[in-house]
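Chains as they are written, first to last, in our numbering: chain A, 1 to 400; chain B, 401 to 683.
Errors might be hidden in some of the hints.
[Said to hold, decoys possible] Straight-line C-alpha distance at most 25 Å; calculated DMTMM-like pairs for lysine to aspartate or glutamate:
no.	chain 1	residue 1	chain 2	residue 2
1	B	K628	A	E91
2	A	K2	B	D441
3	A	K160	B	E438
4	B	K524	A	D171
5	A	K2	B	E438
6	B	K450	A	D171
7	B	K628	A	D124
8	A	K160	B	E557
9	A	K330	A	D372
10	A	K346	A	E365
11	B	K450	A	D234
12	B	K486	A	E3
13	A	K160	B	D508
14	B	K450	A	E172
15	B	K582	B	E557
16	A	K194	A	D227
17	B	K486	A	E172
18	B	K450	A	E3
19	B	K450	A	D124
20	B	K486	A	D171
21	A	K160	B	D478
22	A	K160	A	E91
23	A	K2	A	E172
24	A	K160	B	D506
25	B	K450	A	D227
[Stated by the list, open to error] Not the full set, but computed from the structure, chain A residues with beta-carbon under 8 Å of chain B:
no.	residue
26	E3
27	G58
28	P121
29	Y165
30	P169
31	G170
32	D171
Please keep in mind that the hints were generated in silico from the structure rather than gathered at the bench.
Note that this is a predicted model, so its numbers are computed, not measured.
The beta-carbon is built from N, C-alpha and C at its ideal position, and this holds for glycine as well.
Given next are the chains, with one letter for each unit.
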Amino acid sequence: MKERSVIHFNVADFAVSVERVVDSGLRARPLIIAPLQAARAVVYDMSEEAFRDGVRKGMALRQATKICRGATLLAPRPALYQKAMTAFLKEVQNYSPLIESGFADGHLFVDVTGTHRLHGPPPDIGLRIRRYVRTHLGINPIWTLGTSKLVSKVASRLVKPVGEYIVSPGDEALFLAPLPVALLPGLTRQELRKLEEFHLTTVGALAGLSRQQLKVPFGSRSDYLHDISQGIDDSAVSTSSSTTQTVDCEQSFADDTNDRQEVEAVVVDLVSRAGQYLRARRQVARRVGVWLRYSDGSHVVRQASRRVGSNSDFVLHNLALSALQRAWVKRTRLRSCRLVCDRLHKQSPQLLLFPDKGIKERRQEKLLGAMDTIRNRFGHQLIRLGSRSSMADGVRSTIH
Amino acid sequence: MKAVPGRVDLIVPAGTKTAGSGHQCALYVGTCGYSYTEWVDSGFYPVNTKNSAMLGLYSRCFSVVELNYTWYQMARADAIARMVDKAPEHLLFAAKLTRTMTHERDADWQEQLVLYCQGIAPLKKRLVAVLVQLPPDFDRTIGNRNYLAALLDGLQEFPIAVEFRHVSWAVDSVFAELERRKVSLVTVDEPELPGLFPSLDIVTNPALFYVRFHGRNSTGWRSGNMQKKFNYDYSEEELRSWTEMYIRPMAARADRGMLFFNNHVQAQAPRNAQKLARILIDK
Chain A
1 MKERSVIHFN
11 VADFAVSVER
21 VVDSGLRARP
31 LIIAPLQAAR
41 AVVYDMSEEA
51 FRDGVRKGMA
61 LRQATKICRG
71 ATLLAPRPAL
81 YQKAMTAFLK
91 EVQNYSPLIE
101 SGFADGHLFV
111 DVTGTHRLHG
121 PPPDIGLRIR
131 RYVRTHLGIN
141 PIWTLGTSKL
151 VSKVASRLVK
161 PVGEYIVSPG
171 DEALFLAPLP
181 VALLPGLTRQ
191 ELRKLEEFHL
201 TTVGALAGLS
211 RQQLKVPFGS
221 RSDYLHDISQ
231 GIDDSAVSTS
241 SSTTQTVDCE
251 QSFADDTNDR
261 QEVEAVVVDL
271 VSRAGQYLRA
281 RRQVARRVGV
291 WLRYSDGSHV
301 VRQASRRVGS
311 NSDFVLHNLA
321 LSALQRAWVK
331 RTRLRSCRLV
341 CDRLHKQSPQ
351 LLLFPDKGIK
361 ERRQEKLLGA
371 MDTIRNRFGH
381 QLIRLGSRSS
391 MADGVRSTIH
Chain B
401 MKAVPGRVDL
411 IVPAGTKTAG
421 SGHQCALYVG
431 TCGYSYTEWV
441 DSGFYPVNTK
451 NSAMLGLYSR
461 CFSVVELNYT
471 WYQMARADAI
481 ARMVDKAPEH
491 LLFAAKLTRT
501 MTHERDADWQ
511 EQLVLYCQGI
521 APLKKRLVAV
531 LVQLPPDFDR
541 TIGNRNYLAA
551 LLDGLQEFPI
561 AVEFRHVSWA
571 VDSVFAELER
581 RKVSLVTVDE
591 PELPGLFPSL
601 DIVTNPALFY
611 VRFHGRNSTG
621 WRSGNMQKKF
631 NYDYSEEELR
641 SWTEMYIRPM
651 AARADRGMLF
661 FNNHVQAQAP
671 RNAQKLARIL
681 IDK
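Isolated chain B (complex conformation) (with noise of 0.2 Å):
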């Protein structure tokens, strides 16, 4: 069989948690984008590297993508299409929801949300989710938890992964909710500050668990600057720690898992990616 890059199938040994007699889960790490000029500057790409050509050099060391373009603007079909046509054909793709339906939500969001599903339409059976990432003042109010109850029911002929960033989420209630719905909770892993959501390694869809590793920079996770908030270069040690405490208890309740890095800057992400795959490679 033909090798994937980036995909580890972790065999967890009987007796792990509810794992019975070993349990087969295919991991896919990669990472937030992938057409960053840094990443050139860094030497994860080689010089010169023009970006159309990008997709297809991370391609041959990932095998899945989020893409997170779609955030910053509405999901187009036509351009996506071109994407995925390009593309080669192992690679998977995750794609942000659009910030008007989370971070700046306009009154005729459902509107949106229906020009969104037909944007991300061609990526078909290479979607693996689409992640929900909402903003650190969504909190557990009535009001929030409608919203999203009707947000998630306008995606529902899609996979999803829900990405909490304020703790009020983290009750059984709305985990029970996520488990009901056959919807992913997104783990994080991010620095320790008050009022962020934990790492939690509870898994709420079996058929995917989905992490998000953004650094442990405390001192510029709040300055409003992406080079300062995701700037962070994991240790082989803390990745080692981070797979034994999360990564191996979720992948025993799960057929696959997608692990994907943030931390953007100087290319820290593909690397601390290959770092990460290694280690699970090592298991």
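Pulled out of the complex, with its shape left as it was, chain A reads as follows (with noise of 0.2 Å):
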């Protein structure tokens, strides 16, 4: 197999570089960016200056102004990140067709694998794009090297808030050996948690395990925790036309709750306004996400998927409500829940030669037909399933 080469470019707090751009009398300041309207606001972006005096995204404002008495208040003004994020996306494409990224978080990924010719030995395309970046939009990208999203990601741990790390093909396992196991992506708090209880604090230390041995404590993750240890990762950069498509629905709660049997209500809502989505586009989802948001500022997301995608209310409901169930390990009221459903893809334009539905399944696709045909005209919440309880407008429905 080919070596890879993937860049990953990390503006460390997005949004406040941003914001300093603008205005650069808000440099070396610690500064917070949070709704500062909303009555129970938490802290959506800070500084490295607030980070260091204990601000973290998520904390509720009022802690965090009480932490760090002297820093400026901003509101979040997402427009202008996403603005920014698309000038910085438009540079990297003159390198690479293949780029992930987040939503305006100042987040991407770069293959660059295989245009050397073109552009030159693959640190160079990193460091030009940082200093394009630097002198033209005012923000000062991390940038790191590696044959795989895992290793360029750790390496940019490593280096935040600035700087560069390239790890040479064939060094990965070495170079994540001596580092904190808290470093890789992807691993859950129970899941590290479990690791400090058997003192494995390195990432040398898991990796001196075998998959058997991993499997006993860690089941079905114990491979991708084998892989992660001895830095292989043979995911692929996947461009926006392809997973990095979502629909992403959120309501919030007018008052806090635990109530699981509005929180359910509420998931059936968003997935309706999903399905709806989905079917106007022609387009099934494979994953269901559930995101929880706590009133102490903290959430929890899990996720439920199936082989084949769909996009009736019905299956997406079911999916929902497992990611939902495997979400709800917390007491504490919720502010609000949010559904992401993504590995979008085209529905098939061919009609299959034999109907692969039974009678209910073509009832319910019909019965969602007319639905959305009437939601089409008269709105959303003209029509309902039955046995739900009224829902709270307030939803945000978001196509990213």
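Take each chain as given, in its own frame, and dock them per the hints.
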């Protein structure tokens, strides 16, 4: 297999960086970005100075301002951050079509494998993009180079908030070995806790265990843990046309709640919005994620997926409830619930020779089609599936 | 005695410049960097060569390499120690100074210098020189002169070679100061464009002279694209002529000479280096 060259760019505290470009007077001062009008505002982003004082993303603004009294407060401007991100992406697109980016968060992976004849060695590409972004956009991204997303991501966590790191091909395992396991991406809190209980504090210590040994405490996650500890990551840099496109709906509760029935009712409503959106675009989703944001600022994310994509509310609902079941781990009251459908792809236009759906599914399909027609004409709230409590307004639906 | 690949002991006959009854100079030919996927495509490395195998293959042809990744990122002792451990014993190294002390000077450059010195420490006796390449806009102002003096002071535990890109440094007082400090002035071959530092056969350190062949691609030089800038294939004629005009006179005044090719595009650098080695052997 050909050795890959994956560059990870990461602008630490992206929103803060962009605000500081707009107003240079904000530099070298603690800065907290949060929705100032909201009664229960939480921190959206904060500067390095505020971070050092203990402010964290998702922390209640009231608490953050107590910890960091001298901080300047600003309301978030997502449109501005998206504009900066678009300009950043535009420059990167000159070097490779394989770019995986987050939503206006200053993170992106670029696969530059095979572009050397056109653009020169990968380190030079990383440096040139950084120089351009620094000169023309005024932001200074970290850039790291590795043979996979895993390695370049860990390297950028290592040099944060500024710098660069090149991990030579073949050096992956040796590079990772002395690092703390907490630097590895994709590990849950429970897994980190378990690793700590076993005194597996470094990646090297984790790498010393076989798949079989890891199987006992970590079950189906043992393969993943084993691979990442060895620096093995074959995941592709996915472009925005595939996995990074999502259907994203969120609802904030009028009052914080831990009433399961109320939350399930919200999930049903979010599913119906996502389903309608997908059907209108003739797309199907293979994964549904449920994000639960708690009143203490923390959040839990769980997902459920299936092999075959679907845009049926009934199928998506089952996936969402399954994800909700897994996410329901705390008794703390919830502030909002978010539903994300991803792994989208086009619904096949090809009709099957023999119908693959039973009578029930075909009826459901017809029913959803009729509901969509009514909703398109008279609004989403007019018709709903039965046995649900009424929904409060305020659902925000965005497509990333 | 076992032959060392890419090394030629040049005997300069009596009567050549300052040499008396004949003088022997050990010339090492190599390239700026060795880890280029393009060199696999161009046939210098065998098909499917992995990056980790490149240094071993490189050292079958050459005995010195200029490390240029230390320019992109701060030298790290653990990574350099791993590389040195894997490298054959005959291979020597030159290490480029990190850009945060040359092209993108930070306010904390003195801390960077300490880190750099620690980072290259594993090279020990295999280090032929630290290459201080200065950017084209680094002209001879008082501020820049003071900065360079402080930088050279900070690196004095290592052999040093300085490459100027701005023509204002081509004055006798600069050469005299380099001579006093036993710092090698880098002789460059590059396109004949206004404002560039000229090719000179001046030796400021009798222990070592240092040459960098950048190619003569005058149209690509200021394109900002390395693939254009360093895309040049030296002809045998050009290398022969250069040998007579520069290498032989410098070899007569130094014990050792390092000759690096930077025209890496399409593996022209290693091929030109091999070509030059053959020319020198013929002498």
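Hint by hint, here is what the structure shows:
1. B:K628 to A:E91: 19 Å, holds
2. A:K2 to B:D441: It holds: about 12 Å lies between the C-alpha atoms, which stays within 25 Å.
3. A:K160 to B:E438: This hinted pair is violated, its Cα atoms lying about 31 Å apart.
4. B:K524 to A:D171: 22 Å, holds
5. A:K2 to B:E438: 13 Å, holds
6. B:K450 to A:D171: Within the cut-off at roughly 12 Å; holds.
7. B:K628 to A:D124: Measuring from Cα to Cα gives roughly 13 Å; hence the hint holds.
8. A:K160 to B:E557: 31 Å, violated
9. A:K330 to A:D372: Roughly 35 Å separates the two Cα atoms, so the pair is violated.
10. A:K346 to A:E365: 17 Å, holds
11. B:K450 to A:D234: 17 Å, holds
12. B:K486 to A:E3: 20 Å, holds
13. A:K160 to B:D508: Between K160 (chain A) and D508 (chain B) the Cα gap is close to 17 Å, so the pair holds against 25 Å.
14. B:K450 to A:E172: Satisfied, since the Cα-Cα distance of roughly 14 Å is no more than 25 Å.
15. B:K582 to B:E557: OK: K582 (chain B) and E557 (chain B) at ~12 Å, within 25 Å.
16. A:K194 to A:D227: With Cα atoms ~18 Å apart, K194 (chain A) and D227 (chain A) stay inside 25 Å; holds.
17. B:K486 to A:E172: 16 Å, holds
18. B:K450 to A:E3: Cα-Cα ~7 Å, so holds.
19. B:K450 to A:D124: OK: K450 (chain B) and D124 (chain A) at ~19 Å, within 25 Å.
20. B:K486 to A:D171: 12 Å, holds
21. A:K160 to B:D478: 20 Å, holds
22. A:K160 to A:E91: Satisfied, since the Cα-Cα distance of roughly 22 Å is no more than 25 Å.
23. A:K2 to A:E172: Cα-Cα ~15 Å, so holds.
24. A:K160 to B:D506: Answer holds: K160 (chain A) to D506 (chain B) is near 17 Å, not above 25 Å.
25. B:K450 to A:D227: 20 Å, holds
26. E3: 6 Å, holds
27. G58: With a closest approach of 33 Å, the G58 (chain A) hint is violated.
28. P121: 6 Å, holds
29. Y165: With a closest approach of 6 Å, the Y165 (chain A) hint holds.
30. P169: It holds, given that the least Cβ distance between P169 (chain A) and chain B is near 4 Å, below 8 Å.
31. G170: OK, holds: G170 (chain A) within 8 Å of chain B, min 3 Å.
32. D171: OK, holds: D171 (chain A) within 8 Å of chain B, min 7 Å.
Hints 3, 8, 9, 27, counting from the list given before, are not met by this structure.
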